[in-house]
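Residue numbers (the numbering used here), protein chains in the order written: chain H, 1 to 599; chain A, 1 to 105; chain G, 1 to 174; chain U, 1 to 512.
Treat the hints as calculated values from the structure; they're not laboratory data.
Backbone N, C-alpha and C fix where the C-beta goes; we use that ideal spot for every residue, glycine too.
Any given hint could turn out to be false.
[Stated by the list, open to error] In the BS3-like style, the derived pairs of lysine-lysine whose C-alpha atoms are separated by at most 25 Å in a straight line are:
| # | chain 1 | residue 1 | chain 2 | residue 2 |
| --- | --- | --- | --- | --- |
| 1 | H | Lys390 | H | Lys548 |
| 2 | H | Lys130 | H | Lys119 |
| 3 | H | Lys254 | U | Lys470 |
| 4 | H | Lys25 | U | Lys470 |
[Said to hold, decoys possible] Derived, one-sided and incomplete: chain U residues facing chain G with beta-carbon distance under 7 Å:
| # | residue |
| --- | --- |
| 5 | Ala8 |
| 6 | Ile23 |
| 7 | Cys26 |
| 8 | Glu122 |
| 9 | Leu148 |
| 10 | Gln209 |
| 11 | His212 |
| 12 | Ala215 |
| 13 | Ile223 |
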Amino acid sequence: MLLTLATFLPLLGMVVVLLLPTANKNLIRWTATGFAVAAFVPIIVLTQGYGAGGDRPAVDTLRAEAAAVVAGAPAPMRAQITELLADAKSNTPAFRTFVAADAAHPTDAEKKSLAVRAKLEALEQGGAYKAWHEAWELTLAAASPIAADMRYVEYGQWIPSFNIHYMMGVDGLSMPLIFLTGLLWVLCFVYSFSIEDGVKGYFALFLLLQTGLIGVFCALDFFLFYVFWEIVLLPMYFLIGYWGGTNRLYAAIKFFIYTLVGSVLLLVAMLALYWKDGYDSFNLLTLTSLSGGFDLSFQMWIFMALFMGFAIKVPVFPFHTWLPDAHVQAPTAVSVVLAGVLLKMGGYGFYRFSYTLAPDAGISQTMVLFIGGLGVINIVYGALCAMAQKDFKSLVAYSSVSHMGFVLLGLAAMTTEGIQGSVLQMFNHGVSSAMMFLLVGVLYERAHHRDLDRFGGIGLQMPYYTGFAIIGFFASLGLPGLNGFISEVLVFMGSFNSETFFAGNSAVYGLPRWMVYLALPGVVLTAGYILWTVQRVYMGTAKKEEYKTFRDLNWREVFSLAPLAAMCIIFGVAPQLILGYMNNTLDHLRTFIVTGGGN
Amino acid sequence: MLDVSLKHYLLVAALMFAAGVGVIISRRNAIAVLCGVELILNAAALNFVAFNRYSAPSGRLDGQVFTIFIIILAAAEAAIALAILLNLFQQTNTVDVDEADTLRE
Amino acid sequence: MDIDFGTIMFFALALVAVVPAFMVVLARDIVRVAFWLLASLCGVAGLYILLGADFIGLTQVLVYIGGILVLILFGIMMTSKDPLRQKAGASGQRSVVTGLVTAAIVFAVLAAVVLGVGFEEGKGRSDGSPTTTALGEALLTDYVLPFELVSVLLLFVLCGAAYMARRRREDAHA
Amino acid sequence: MQNSIETARRIVAEGMSGIIPEILLCALVCVLLLADLFIRGIKPRTTAWIAVLGFVACGAALIARNGVHAEVFGWQQADGMRGMLLNDQFAWFFQVFVLATALVCIPMAMDHAAFRARRMGEFYALLAAATLGMFLMASATNLLMAYLGIEFASMASYLATAYDKRDRAGSEGGLKYVIYGSVASGIMIYGLSLIYGMTGSLHYTDIAQALHVSAATEGQLLIAAILIFGGFAYKMAAVPMHFWCPDVYEGAPTPFTAYLSVASKAAGFAVFVRFLAAFTAHGGPTFTGFGGMEFEASFGWPVIVAAAAALSMTVGNLGALWQTNVKRMLAYSSIAQAGYLLMAVAVYAAGHDKPNGGDLAPLVFYFIAYFFMNLGAFHVISVVGSRTGAVTVSDFAGLGRRAPWMAFGLGVCMLSLLGMPPTGGFVGKMQLLQTAVENNLVWLAVLAGINTAISAFYYFKLLKSMYLEKSAGGVIQSGSANLAVLALLVAPLFVLGLAFSPIAEFSRGFGF
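From just these sequences and the hints, can you work out the full model?
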């Protein structure tokens with residue numbers, strides 16, 4: 001119920017906002033903010049309850065659901081269903097033969113499963129096939145290696161004829177991202193009070209966006225996930241296209257088309273998985289339970305399709321070109337959520353889908369080199385590009401490209417530290433990049449330009465603002481004591497270790513160390529462009545008279561920036577607060593990918 | 001000397017069909033294209049009658065019936081084409097399929 | 001060497017059908033196009049009769065030649081001030097060549113098809129006797145539905161064509 | 001002689017009860033023509049209501065025919081009836097579909113600016129005649145009947161396209177339609193004559209049996225199939241017979257364009273799929289063809305259909321990119337949609353033994369979604385066009401403010417045509433892709449995916465114009481009747497996108 005509330009309260013908010021009178025802008029602003037706060041409440045409850053006994057493990061929920069389904073089947077069939085469920089995993093190949101085999105001339109493989117097939121046919125005749133399939137899906141889902149940490153699971157029928165369910169849940173991977181989403185929306189809404197044009201549409205679209213995003217992070221049914229994934233696209237298109245800068249239409253359609261290409265590949269992969277071996281399941285947990293058994297070539301195929309879909313979102317070089325355009329044109333709050341949460345949809349997708357649905361492909365030499373290599377390119381190339389930018393916002397955009405490279409690098413390393421660093425980096429980057437875009441926005445509202453060379457001496461004029469700016473930029477740089485440092489160090493430790501750690505394991509290809517050396521200059525470059533920026537914008541004496549009139553932060557801006565600055569410091573000192581959520585989940589995930597997938 | 005057989009009729013029909021296609025490809029005048037279509041229709045009709053004679057089950061006249069319908073429908077189609085053509089001509093004074101090109105911007 | 005009458009007739013009629021058909025491609029002005037078409041259709045009518053389809057042959061003469069061709073000529077007269085000079089729309093030698101080349105390719109493909117093994121001959125070869133009665137019976141028994149439907153078709157086509165070709169009086173009327 | 005008159009009488013007496021909806025349509029055509037002729041100054045509204053009554057009566061008769069499976073009007077043979085029409089669930093679905101389309105088009109025609117002050121009886125008669133032709137297309141089991149049905153529908157459509165005599169674009173569209181249409185049907189019947197020559201019969205059942213034992217080679221059947229496909233592709237507006245589509249869609253009165261793009265396409269698919277079923281009815285040697293696809297005794301059809309699907313979606317989407325005229329853009333879009341739909345037919349043609357290979361549910365489901373999204377789009381274009389004369393994409397600028405509900409409806413239809421959740425278009429496209437992926441047509445599914453991304457450019461052109469571009473125009477009064485029609489067309493798209501289980505189940509009942 002909590003997850004449903006968190007996901008659909010914003011949607012309700014959208015409807016309410018649309019019904020309000022257009023002229024009363026303040027009412028709209030406050031209502032929208034109210035709904036964002038309301039949606040943040042269940043999220044707080046979630047974070048407090050997670051792992052503290054306030055929730056119920058997914059395994060229990062799923063088993064209970066399975067038992068209920070069996071109990072609901074026609075009485076004479078129940079025993080047979082239970083019998084078949086006893087060995088749910090090994091019965092699965094029978095599906096395909098059940099669907100397609102020629103009973104008169106079975107192949108060898110089909111003969112083996114003929115016994116099971118006969119039972120299934122009996123179920124079909126008894127009208128219990130549907131119930132069996134459902135119970136089977138749930139049993140396998142409960143046995144899934146990632147089910148152990150899944151909490152607050154909600155399960156219900158949605159489209160029975162396609163085995164599509166309304167299934168939501170959170171684990172240590174999604175929890176920080178959901179929290180970040182809930183928080184950023186409140187901050188962005190407060191910041192967006194300055195929007196004057198088309199207020200109603202702006203807040204309505206923003207609320208719709210929130211529903212999509214929280215849904216993406218909670219959905220455990222592939223179809224449901226896809227629907228949320230696509231819902232995110234549309235409001236984003238209009239937010240950039242209507243409230244953006246001068247070149248907004250181009251940026252908006254570019255964003256849309258790029259991500260749509262990714263989505264379509266995702267769709268094809270989703271359908272291929274559904275069809276695979278006649279399982280007919282969209283249930284993510286069920287699919288992870290089965291994915292170890294998929295043949296390698298199929299896994300490679302799926303991996304690539306999923307990877308492309310998510311990589312465009314991250315964005316991974318060479319699919320990143322939409323990002324600077326979108327960021328530069330987007331209004332500040334949209335940039336904030338774009339960098340803060342939307343990019344994480346891609347990283348989240350790698351963990352939740354690519355690696356769990358094609359584990360063997362993920363640890364194969366080709367993919368490790370491929371993903372690691374792309375990570376290195378992202379880090380170095382992003383930093384180099386950032387250094388060359390004249391536009392403040394596009395500098396921050398390229399720094400995102402660079403920082404998301406760490407996510408890839410840690411992922412490719414597949415060591416405990418690497419993965420922890422990688423996921424933590426997603427969260428930390430969400431905080432620091434959101435903060436940096438807010439900072440740029442604050443400055444732009446006063447100067448009406450973003451040309452780095454025309455700034456200077458802001459520190460003297462706006463001391464509080466500059467204080468926040470220093471925290472934000474140094475967190476992004478990875479200064480010890482701030483949050484960015486922890487994740488980057490973890491990623492580097494993890495990737496250095498990878499080669500030796502997996503040296504004795506023939507199944508897993510460790511990330512070669514030379515690749516990490518290639519990534520190291522990225523850190524220096526990052527320090528370079530950030531320090532240079534800080535120097536150009538904030539240091540020195542004012543170049544222009546006009547800057548003398550700049551007011552320092554107003555209450556709304558402080559309200560938006562302060563929580564983020566606090567998080568930069570708190571999670572820099574006590575990363576355990578976030579890592580505590582992730583540790584178990586990521587451990588299980590890693591073990592599954594490295595060993596469970598290799599069967 | 002050779003006996004006239006099914007193949008001979010089929011070849012005649014094929015030639016007419018080819019000529020019809022040639023007309024359609026090379027002409028732009030709507031009426032000329034219509035003439036090409038008539039050639040194609042006649043080729044098909046000739047096929048039907050020849051097949052009816054040589055390879056249909058005896059006693060059935062399906063092919064000939066089809067041919068009657070081809071002729072009737074061809075007449076109806078020609079009437080429609082010319083009616084629309086006349087109406088268009090009253091507006092534009094052209095019968096050229098390509099010259100009637102306000103639709104192609 | 002005995003050449004029977006039927007064979008001679010076939011080749012004569014085939015020539016009458018095919019040569020004018022190609023003249024339709026080559027003809028210079030639109031009136032000639034129509035008259036070459038007339039010749040070709042006459043040849044086809046003759047072939048029908050040679051095939052024993054006497055009723056079809058007559059229908060061909062009555063409807064096609066008496067109806068459609070007259071309609072076409074009528075259309076030519078209505079839409080052109082000087083039909084004999086009006087080019088038939090071929091924009092010169094090149095498009096005639098294109099037309100002929102296409103025709104040659106199409107014919108080559110079709111010839112390969114119709115000369116193949118798929119067309120069994122003589123399975124139920126009819127004797128070529130007049131078919132008018134049998135055709136009438138077929139139209140009123142097995143094919144009575146299409147026969148009736150085509151009357152509806154002709155009805156609305158006539159009304160529609162009349163509406164279409166009618167001078168715009170109704171604007172004043174309305 | 002006496003004997004055959006008796007036979008004729010018996011056939012008619014037995015058959016009449018099976019074609020009541022068709023008879024009602026015939027009567028409707030006659031009544032409308034007569035009303036126009038004899039009632040001086042009859043109002044367009046009156047004839048429209050007569051048409052509505054006629055269609056509703058026909059619909060009632062059609063609903064009464066649900067569940068019937070009978071061949072009507074034909075001769076008895078040892079192994080069963082050889083009728084002209086086969087009334088079955090497949091035909092029933094497409095007939096209901098076509099009839100519903102015609103019904104939706106009537107309010108659109110009543111609202112159409114060019115149709116307000118003139119005699120409309122003939123137009124509605126043509127609409128009824130086209131509908132009757134499409135009824136025949138959906139149920140024809142005999143080549144002659146299929147040909148007659150196609151011509152019936154075509155000829156009514158030619159005349160209706162050119163119905164607005166003062167409109168030059170309409171006349172040109174009509175002329176192009178009739179000329180290209182007769183070329184297509186000429187080529188098709190030449191192909192049909194070859195099939196007749198190979199099998200000695202015009203009836204599908206006999207053709208299926210005869211092809212099974214026929215000496216005809218793969219090549220011969222392929223050429224015949226290509227020629228025949230030309231005619232069917234014309235009705236489906238698919239490559240290679242698609243080029244008429246933009247001119248005709250643009251030229252025709254918008255309500256009739258809507259009818260053409262939905263009903264005519266559906267009837268084209270109906271007649272084609274039933275024809276195809278005759279080819280794939282009997283097993284034969286398996287061989288591997290184009291794209292690694294294995295198919296059985298289907299004589300090259302899977303190759304042709306898959307190629308046509310690939311080309312249609314690509315040509316349609318690329319063509320649409322450059323269009324500025326909205327109707328023209330939707331014409332290309334409809335070519336692309338035919339391409340997506342043909343994916344399901346390609347799978348169908350590949351044989352019945354594949355998982356869901358003989359299943360027409362994805363096709364049926366997509367058509368249901370297509371009905372709402374395409375008619376919805378044309379409805380808005382017609383309403384806005386009638387009030388502002390809007391024809392190009394930029395004419396729709398600021399519609400989001402000028403007519404918010406109309407813009408919202410059109411926007412949803414665009415998203416649905418593009419295949420975005422949570423609309424019916426997405427679920428429909430997903431099922432089409434799923435069938436393709438399931439049956440080793442992954443390359444086609446991926447191509448369809450790429451095409452979807454391309455199509456976003458032009459579907460979004462309209463969204464962009466409506467919401468992101470400003471215009472000085474004032475508020476457009478759409479009228480409550482039009483808004484009601486819009487709601488009826490757009491709301492189901494969400495149902496189809498979010499709660500499609502019942503409709504998905506429903507769509508499974510229309511195979512052979």
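Taking the hints in turn, this is what the structure says about them:
Our distance criterion of 25 Å between C-alpha atoms is met by Lys390(H) and Lys548(H), whose separation comes to about 22 Å. Taking the CA atoms of Lys130(H) and Lys119(H), the gap is near 14 Å; set against the 25 Å cutoff, the hint holds. A hinted pair counts as satisfied when its Cα atoms are at most 25 Å apart, and Lys254(H) with Lys470(U) qualifies at roughly 21 Å. At roughly 21 Å between alpha-carbon atoms, Lys25(H) and Lys470(U) fall within 25 Å of each other, so this suggested pair holds.
Among the interface hints, the one on Ala8(U) holds; its C-beta lies about 5 Å from the nearest C-beta in chain G, closer than the 7 Å criterion. Checking Ile23(U) against chain G: minimum C-beta separation of about 10 Å lies over 7 Å; hint violated. This hint holds: Cys26(U) has a C-beta 5 Å from the nearest C-beta of chain G, less than the 7 Å allowed. Hint on Glu122(U) holds. Least Cβ distance to chain G is approximately 5 Å, under the 7 Å limit.
Among the interface hints, the one on Leu148(U) holds; its C-beta lies about 5 Å from the nearest C-beta in chain G, closer than the 7 Å criterion. With a least beta-carbon distance of about 14 Å to chain G, the hint placing Gln209(U) at the interface is violated under the 7 Å criterion. Here the hint on His212(U) is broken, as its CB sits about 13 Å from the closest CB of chain G, past 7 Å. For the restraint placing Ala215(U) at the interface with chain G, the shortest Cβ-Cβ distance is roughly 5 Å, inside the 7 Å limit, so the hint holds.
Taking 7 Å as the C-beta contact cut-off toward chain G, the hint placing Ile223(U) at the interface holds, the least distance being around 5 Å.
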